[in-house]
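Working from the sequences, and respecting the hints, build out all of it.
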Amino acid sequence: MLSYPASTSRDEKLEIINLIKNKLLSIYKTDIIAIGVYGSLALGNDGPFSDIEMHVVTKDGIKLKSYEFIYKKFKIEINTKQKNEFLNEAMMVDDSWAIRVGMFINILSIYDPNNFFNDVRKLPFHVPDAAIKETMREFMIWEPYETMAKIRNNYNCKNFNYLPLGAKDLIWQTSKLIGLANKQYYSTRARTFEESLKMNSKPSGYE
Numbered sequence: 001m002l003s004y005p006a007s008t009s010r011d012e013k014l015e016i017i018n019l020i021k022n023k024l025l026s027i028y029k030t031d032i033i034a035i036g037v038y039g040s041l042a043l044g045n046d047g048p049f050s051d052i053e054m055h056v057v058t059k060d061g062i063k064l065k066s067y068e069f070i071y072k073k074f075k076i077e078i079n080t081k082q083k084n085e086f087l088n089e090a091m092m093v094d095d096s097w098a099i100r101v102g103m104f105i106n107i108l109s110i111y112d113p114n115n116f117f118n119d120v121r122k123l124p125f126h127v128p129d130a131a132i133k134e135t136m137r138e139f140m141i142w143e144p145y146e147t148m149a150k151i152r153n154n155y156n157c158k159n160f161n162y163l164p165l166g167a168k169d170l171i172w173q174t175s176k177l178i179g180l181a182n183k184q185y186y187s188t189r190a191r192t193f194e195e196s197l198k199m200n201s202k203p204s205g206y207e
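If you're matching positions, the sequence shown starts at 1 in this note's numbering and goes up one per residue.
Hints were generated in silico from the structure; no laboratory data involved. Heads up, a few of these hints could be off.
Stated by the list, open to error - In silico DMTMM-like pairs for lysine to aspartate or glutamate, Cα to Cα no more than 25 Å straight-line: (1) LYS29 to ASP46; (2) LYS202 to ASP112; (3) LYS168 to GLU138; (4) LYS23 to GLU68; (5) LYS23 to GLU85; (6) LYS23 to ASP169; (7) LYS73 to ASP46.
Just so it is clear, the structure is predicted and the values come from calculations on it, not from any experiment.
Quick look at the structure:
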């Protein structure tokens, strides 16, 4: 078995997060609005092999480089954004909305003197219904419709090896649409299908 990714405890992860926070603030404190953790650590359901994902929000006009790297036993992603850029991403609607917006809603604040993240958490739910409808329309034609055509073509030519992959793709694409239609986000990518089954509005026969 590979020795990596390495197993680390939650306390070890929080310790390295605190170290990163202190290092950032020692250099850029006047430029940084807030620092937070998202993903499984923010949700409190992290496992021994979970990575560290951090938001660093700076004042407009201050651009810091983002990083994704391995440091000792840790896989770390430091995602830096200027304030307006961060707010715009939180309000953006795309086909991955239900997968993506959790990172703006479930945030463990590490440094947030002005409660910036409290305001951000509300933004994804204020997206216009018209924008959601248009996104669903475009995505339906672009992905699920094409995937269904591939499934039927491969079935007709007896390439049955493709069918499990096609079915997986179709379920994933449909789950994203279900999240959009219900204006609900998924807690984690790994539970997308499971959580989609519990949503009110679903296509006939989806279960």
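Please work out if LYS23 and GLU68 have their alpha carbons no farther apart than 25 Å. holds (16 Å)
Pair hint outcome, LYS29 versus ASP46 [Cα-Cα no greater than 25 Å]: Measuring from Cα to Cα gives roughly 28 Å; hence the hint is violated.
Given the hinted pair LYS168 and GLU138, is their Cα-Cα distance within 25 Å? holds (20 Å)
Distance restraint between LYS23 and ASP169, which requires alpha-carbon spacing of 25 Å or less: Cα-Cα ~42 Å, so violated.
Is LYS73 close enough to ASP46, meaning Cα to Cα at most 25 Å? Within the cut-off at roughly 15 Å; holds.
Could you grab the alpha-carbon distance between LYS202 and ASP112 and see if it respects the 25 Å cut-off? violated (38 Å)
Hint check: LYS23 vs GLU85, CA-CA at most 25 Å. Holds or violated? holds (23 Å)
Hint compliance for this structure: hints 1, 2, 6 are not met, and every other hint is.
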